[in-house]
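Participant: Sequence:
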Amino acid sequence: MSGTPGATTVRNKERTALEVTGLGRRYGRRWVLRDATFRLPAGRVCALVGPNGAGKTTMLEIIAGLREATTGEARVFGAPSGGTRARQRVSFLPQEKPLFPRFTVSETLRLGRELNPGWDQELAEDFVRAGSIDLDAKVGRLSGGQRTRVALAVALGKRPDLVLLDEPLADLDPLVRRQTVAALLGQVAEHGITVLLSSHLVAELDMLCDYLLLVAEGGLRLAGDVDEIVSVHRLLGAPTDRVPAGPDGLPAHLEHHTVVETHRDQHHTTALVRPGGPVDEVWESTTPTLEEVVLAYLAQTDSTPLISPDSHVPGAGSETIK
Numbered sequence: 000m001s002g003t004p005g006a007t008t009v010r011n012k013e014r015t016a017l018e019v020t021g022l023g024r025r026y027g028r029r030w031v032l033r034d035a036t037f038r039l040p041a042g043r044v045c046a047l048v049g050p051n052g053a054g055k056t057t058m059l060e061i062i063a064g065l066r067e068a069t070t071g072e073a074r075v076f077g078a079p080s081g082g083t084r085a086r087q088r089v090s091f092l093p094q095e096k097p098l099f100p101r102f103t104v105s106e107t108l109r110l111g112r113e114l115n116p117g118w119d120q121e122l123a124e125d126f127v128r129a130g131s132i133d134l135d136a137k138v139g140r141l142s143g144g145q146r147t148r149v150a151l152a153v154a155l156g157k158r159p160d161l162v163l164l165d166e167p168l169a170d171l172d173p174l175v176r177r178q179t180v181a182a183l184l185g186q187v188a189e190h191g192i193t194v195l196l197s198s199h200l201v202a203e204l205d206m207l208c209d210y211l212l213l214v215a216e217g218g219l220r221l222a223g224d225v226d227e228i229v230s231v232h233r234l235l236g237a238p239t240d241r242v243p244a245g246p247d248g249l250p251a252h253l254e255h256h257t258v259v260e261t262h263r264d265q266h267h268t269t270a271l272v273r274p275g276g277p278v279d280e281v282w283e284s285t286t287p288t289l290e291e292v293v294l295a296y297l298a299q300t301d302s303t304p305l306i307s308p309d310s311h312v313p314g315a316g317s318e319t320i321k
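In terms of numbering that gives the first Met the number 0, the sequence shown opens at residue 0 and continues consecutively.
Check the hints yourself; a few may be wrong.
[To be verified] Cut-off 20 Å, straight-line C-alpha distance, at most; resulting in silico cross-link-like pairs (EDC-like, lysine to aspartate or glutamate):
1) Lys96 to Asp172
2) Lys96 to Glu124
3) Lys137 to Glu106
4) Lys96 to Glu72
5) Lys96 to Glu60
6) Lys137 to Glu95
7) Lys96 to Glu166
8) Lys96 to Glu106
9) Lys96 to Glu113
10) Lys137 to Asp125
11) Lys137 to Glu124
12) Lys96 to Asp170
Source of the hints: derived by calculation from the structure; they are not laboratory data.
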């Protein structure tokens, strides 16, 4: 997904929707999230990706004020997460999409109105009706896609500035997933909200987001604009006999580059790199897809983290996109 859906219509004037500094969460002796530090610019649709157990849900719950951090802090438009000011500006939709199955859709929206002072009934009803859902239908009789739309209507009806979604599309078939994404992005464009959603749908990230956070091994590995992240990487390929392995085990002619991942067989060698200068002519160089970049960083969690300038928090020790 190219561009910035909400950049021209952000309701608030703050440039940073979310700032996370040294955020960590430990359960017993095990850290599920450690020293996460980044900024999320306002008006972006950001995918939070990582393997199972990487701390994605934990991070969202801390930002939403539902769980305390062991270390560090998260600030929502400058206010500490969990405080009244932050809670008023955030909607969180967990993966389970908690709805009362015996309620009608109309009763569900009425409950949302009673619980949220800034509730926008017209927005919520319009979002539901756009999915051809009867307001008198019982929630328990809706399809998975319809329940997701109703849950999103509740999240959006609060008129938040930041929406947190935990795997919102995981249980939807491809067509319904695409329709739901289109509806969500329409709200982003119209109301200028910021969205942070966790997702394991790596192949569909281009459709989902214009910004990316990748967590693995408890830490942040990638953060930044999708187009910027892709543009600073090259996918290299060469016959294996022309790029013999050096003493460090890496293929030849990569000395000046940051190597993210390599694949080598008897005939062909490939490498995903962040170039540090001209690429040797022995290599064929192409632009990788976002999926190729993400999968490489997920496979090689010891690679140097890459943080874009607008995601970078001063004092954080990560390489930044130039």
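Participant: Now tell me if each hint is right for this structure.
Facilitator: Each hint tested on the structure:
{"no.": "1", "hint": "Lys96 to Asp172", "result": "holds, 16 Å"}
{"no.": "2", "hint": "Lys96 to Glu124", "result": "holds, 18 Å"}
{"no.": "3", "hint": "Lys137 to Glu106", "result": "holds, 9 Å"}
{"no.": "4", "hint": "Lys96 to Glu72", "result": "violated, 26 Å"}
{"no.": "5", "hint": "Lys96 to Glu60", "result": "holds, 14 Å"}
{"no.": "6", "hint": "Lys137 to Glu95", "result": "holds, 18 Å"}
{"no.": "7", "hint": "Lys96 to Glu166", "result": "holds, 10 Å"}
{"no.": "8", "hint": "Lys96 to Glu106", "result": "holds, 16 Å"}
{"no.": "9", "hint": "Lys96 to Glu113", "result": "holds, 19 Å"}
{"no.": "10", "hint": "Lys137 to Asp125", "result": "holds, 18 Å"}
{"no.": "11", "hint": "Lys137 to Glu124", "result": "holds, 15 Å"}
{"no.": "12", "hint": "Lys96 to Asp170", "result": "holds, 11 Å"}
When each numbered hint is compared with the structure, a violation occurs for hint 4 only.
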